[in-house]
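Trainee: Each chain, written out:
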Amino acid sequence: MATLNIMVGQEQGSVPVTVLRVEGDIDAATHSTLQEKAFELIDAGSSNLLLDLGGVNYMGSAGFRALHAITNKLSDDDSAGLSKSSHLKLLNPTDAVARVIKTLGFDVYLDIYQDKNEAINSF
Amino acid sequence: MTTEQAFDLSVKASLDNLQEIRNYIDQAGARLRVSENALGDLRLVVDEAVTNVILHGYGDSDGDGIVELHMEGDGDAVIIRIRDHAKTFDVSHVDMPQLDTALKDRPFGGMGIFLIRKMTDEAEFLPLPGGGNEIRLLKRGAIQAPGRPA
Numbered sequence: 001m002a003t004l005n006i007m008v009g010q011e012q013g014s015v016p017v018t019v020l021r022v023e024g025d026i027d028a029a030t031h032s033t034l035q036e037k038a039f040e041l042i043d044a045g046s047s048n049l050l051l052d053l054g055g056v057n058y059m060g061s062a063g064f065r066a067l068h069a070i071t072n073k074l075s076d077d078d079s080a081g082l083s084k085s086s087h088l089k090l091l092n093p094t095d096a097v098a099r100v101i102k103t104l105g106f107d108v109y110l111d112i113y114q115d116k117n118e119a120i121n122s123f
Numbered sequence: 001m002t003t004e005q006a007f008d009l010s011v012k013a014s015l016d017n018l019q020e021i022r023n024y025i026d027q028a029g030a031r032l033r034v035s036e037n038a039l040g041d042l043r044l045v046v047d048e049a050v051t052n053v054i055l056h057g058y059g060d061s062d063g064d065g066i067v068e069l070h071m072e073g074d075g076d077a078v079i080i081r082i083r084d085h086a087k088t089f090d091v092s093h094v095d096m097p098q099l100d101t102a103l104k105d106r107p108f109g110g111m112g113i114f115l116i117r118k119m120t121d122e123a124e125f126l127p128l129p130g131g132g133n134e135i136r137l138l139k140r141g142a143i144q145a146p147g148r149p150a
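Respectively, the protein sequence lines represent chains Z and B.
Just so you know, we're using our numbering here: the first sequence kicks off at 1 and counts up by one.
Just so you know, we're using our numbering here: the second sequence kicks off at 1 and counts up by one.
Next up, chain Z with everything else stripped away, as it sits in the complex (with noise of 0.2 Å):
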């Protein structure tokens, strides 16, 4: 079976981001632990979440699913219409999973990043 691998940093830009590094295929039978993951973070009072997605070779709708959640989670009360998410990022998609992505219409909710650094400073 598939297996997810997360690991944990911090990293301090105008505002400290805890940065996931995800790799393996998110699936049915893995999503579950990516959220998790995150909603302990938060729980424990991280409120910007990076997720870098440069070792996730599959993710399926389970996947969005979990992202869906997380933002949910981080999202203020006063967010509204269809602006991006100012507290959850993605990093470093691979090709396929930023097609899905796009199919998804993630795009539109959260902002992708190809540099780390960028992405750090942009919260």
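Hints were generated in silico from the structure; no laboratory data involved.
Some clues are possibly wrong.
What the hints assert, rightly or not - Just some of the chain B residues that point at chain Z, by a computed CB distance under 8 Å:
hint, residue
1, Leu9
2, Leu18
3, Leu44
4, Leu55
5, Lys87
6, Leu103
7, Gly112
Virtual Cβ for every residue (Gly too), placed ideally from N, Cα, C.
Dock chain B against chain Z, hints included.
Mentor: Frame of chain Z; chain B shown alone:
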């Protein structure tokens, strides 16, 4: 080009087997000379279809049910059939995701069926006589002609 190659896989309907199923699609796709982008789409739609069979058909993430997959080329198209012995899952009742809605107002779910329809040219969900279901997927232009880079 017509190919007579066909590839079959029968596995337990468990979420733990999704990676094996994706590997089967990759290996069969390579043999059929499926292009990289089309292979990515097929990997995704089969994973979504089988996940629905497991979670909504059999209703058990690790039960005793079986999923049977068949993949073959037909000209430049790929045909995939997925059979199960589960209860019928009526996908016509699945709401499509609201892509123009704020994420916090957007309901969960519906993305799998949306992706299956979006990334194939034909997707049929058919109850089988005697019980079970068959999902028939067709993707045109997926197989590259000989001599072109795979």
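Trainee: For every hint, state whether the structure bears it out.
Mentor: Hint-by-hint comparison with the structure:
1. Leu9: Cβ of Leu9/B sits 16 Å from chain Z, so the hint is violated.
2. Leu18: Given a least distance of 5 Å, the restraint on Leu18/B holds.
3. Leu44: holds, 6 Å
4. Leu55: Cβ of Leu55/B sits 7 Å from chain Z, so the hint holds.
5. Lys87: violated, 19 Å
6. Leu103: Check passed: Cβ of Leu103/B comes within 5 Å of chain Z, closer than 8 Å.
7. Gly112: holds, 4 Å
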